[in-house]
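Mapping of the sequence shown onto the numbering used here: residues 4 to 53, in sequence order.
Bear in mind the hints are in silico, worked out from the structure with no lab data behind them.
Take the hints with a grain of salt, since some may be wrong.
[What the hints assert, rightly or not] Quick list of in silico lysine to any residue cross-link-like pairs, SDA-like style, CA-CA up to 20 Å: (1) Lys34 / Glu15; (2) Lys36 / Ile17; (3) Lys34 / Glu45; (4) Lys34 / Pro44; (5) Lys34 / Met51; (6) Lys34 / Glu50; (7) Lys36 / Arg53; (8) Lys9 / Val19; (9) Lys18 / Ile30; (10) Lys34 / Val19; (11) Lys36 / Lys18; (12) Lys9 / Asn22; (13) Lys34 / Lys18; (14) Lys36 / Glu20; (15) Lys36 / His25; (16) Lys36 / Tyr26; (17) Lys36 / Glu50; (18) Lys34 / Trp24; (19) Lys36 / Ser46; (20) Lys34 / Ser46; (21) Lys9 / Trp24; (22) Lys34 / Thr10; (23) Lys18 / Phe29; (24) Lys36 / Val19; (25) Lys34 / Arg53.
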Amino acid sequence: DKFDNKTVTFEEHIKVEHNMWHYLFFIVLVKVKDSTEFTGPESYVAEMIR
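All chains, full assembly: derive it from the sequences and hints.
Spelled out as C-alpha cells, the structure:
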C-alpha cells in the first residue's frame, strides 16, 4: 500500500493523487468527447454527471 511504504501526509496525497484539476479536466473531456468513443470509465462518468 502506498501509505505503508512512504511517509506521505494526507494533504500531499490529496494534492497529487486527487488533484481537483485532474477531475475537472476529466469532466470537461467527457462533455466534449464523442460518446461513441468513450472508454468504460468515461461512459460511467458521463452517466453520473447528466
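Quick rundown of the hints versus the structure:
1. Lys34 / Glu15: violated (29 Å)
2. Lys36 / Ile17: Not OK: Lys36 and Ile17 at ~27 Å, beyond 20 Å, violated.
3. Lys34 / Glu45: Given that 20 Å is the threshold and the Cα spacing comes to 10 Å, the pair holds.
4. Lys34 / Pro44: It holds: about 13 Å lies between the C-alpha atoms, which stays within 20 Å.
5. Lys34 / Met51: The hint holds at about 12 Å.
6. Lys34 / Glu50: Since the Cα atoms of Lys34 and Glu50 sit roughly 11 Å apart, the hinted pair holds (cutoff 20 Å).
7. Lys36 / Arg53: holds (14 Å)
8. Lys9 / Val19: holds (14 Å)
9. Lys18 / Ile30: holds (18 Å)
10. Lys34 / Val19: Status violated; Cα separation ~24 Å.
11. Lys36 / Lys18: Violated, because 26 Å separates the two Cα atoms, which is more than 20 Å.
12. Lys9 / Asn22: This hinted pair holds, its Cα atoms lying about 19 Å apart.
13. Lys34 / Lys18: With a Cα-Cα distance of about 24 Å, the restraint between Lys34 and Lys18 is violated, given a limit of 20 Å.
14. Lys36 / Glu20: The given pair, whose Cα atoms are some 24 Å apart, is violated under the 20 Å limit.
15. Lys36 / His25: Status holds; Cα separation ~16 Å.
16. Lys36 / Tyr26: holds (15 Å)
17. Lys36 / Glu50: holds (14 Å)
18. Lys34 / Trp24: Between Lys34 and Trp24 the Cα gap is close to 15 Å, so the pair holds against 20 Å.
19. Lys36 / Ser46: holds (11 Å)
20. Lys34 / Ser46: holds (11 Å)
21. Lys9 / Trp24: Violated: Lys9 and Trp24 sit about 24 Å apart, past 20 Å.
22. Lys34 / Thr10: violated (37 Å)
23. Lys18 / Phe29: Status holds; Cα separation ~16 Å.
24. Lys36 / Val19: violated (25 Å)
25. Lys34 / Arg53: holds (10 Å)
Of the numbered hints stated above, those contradicted by the structure are hints 1, 2, 10, 11, 13, 14, 21, 22, 24, listed in ascending order.
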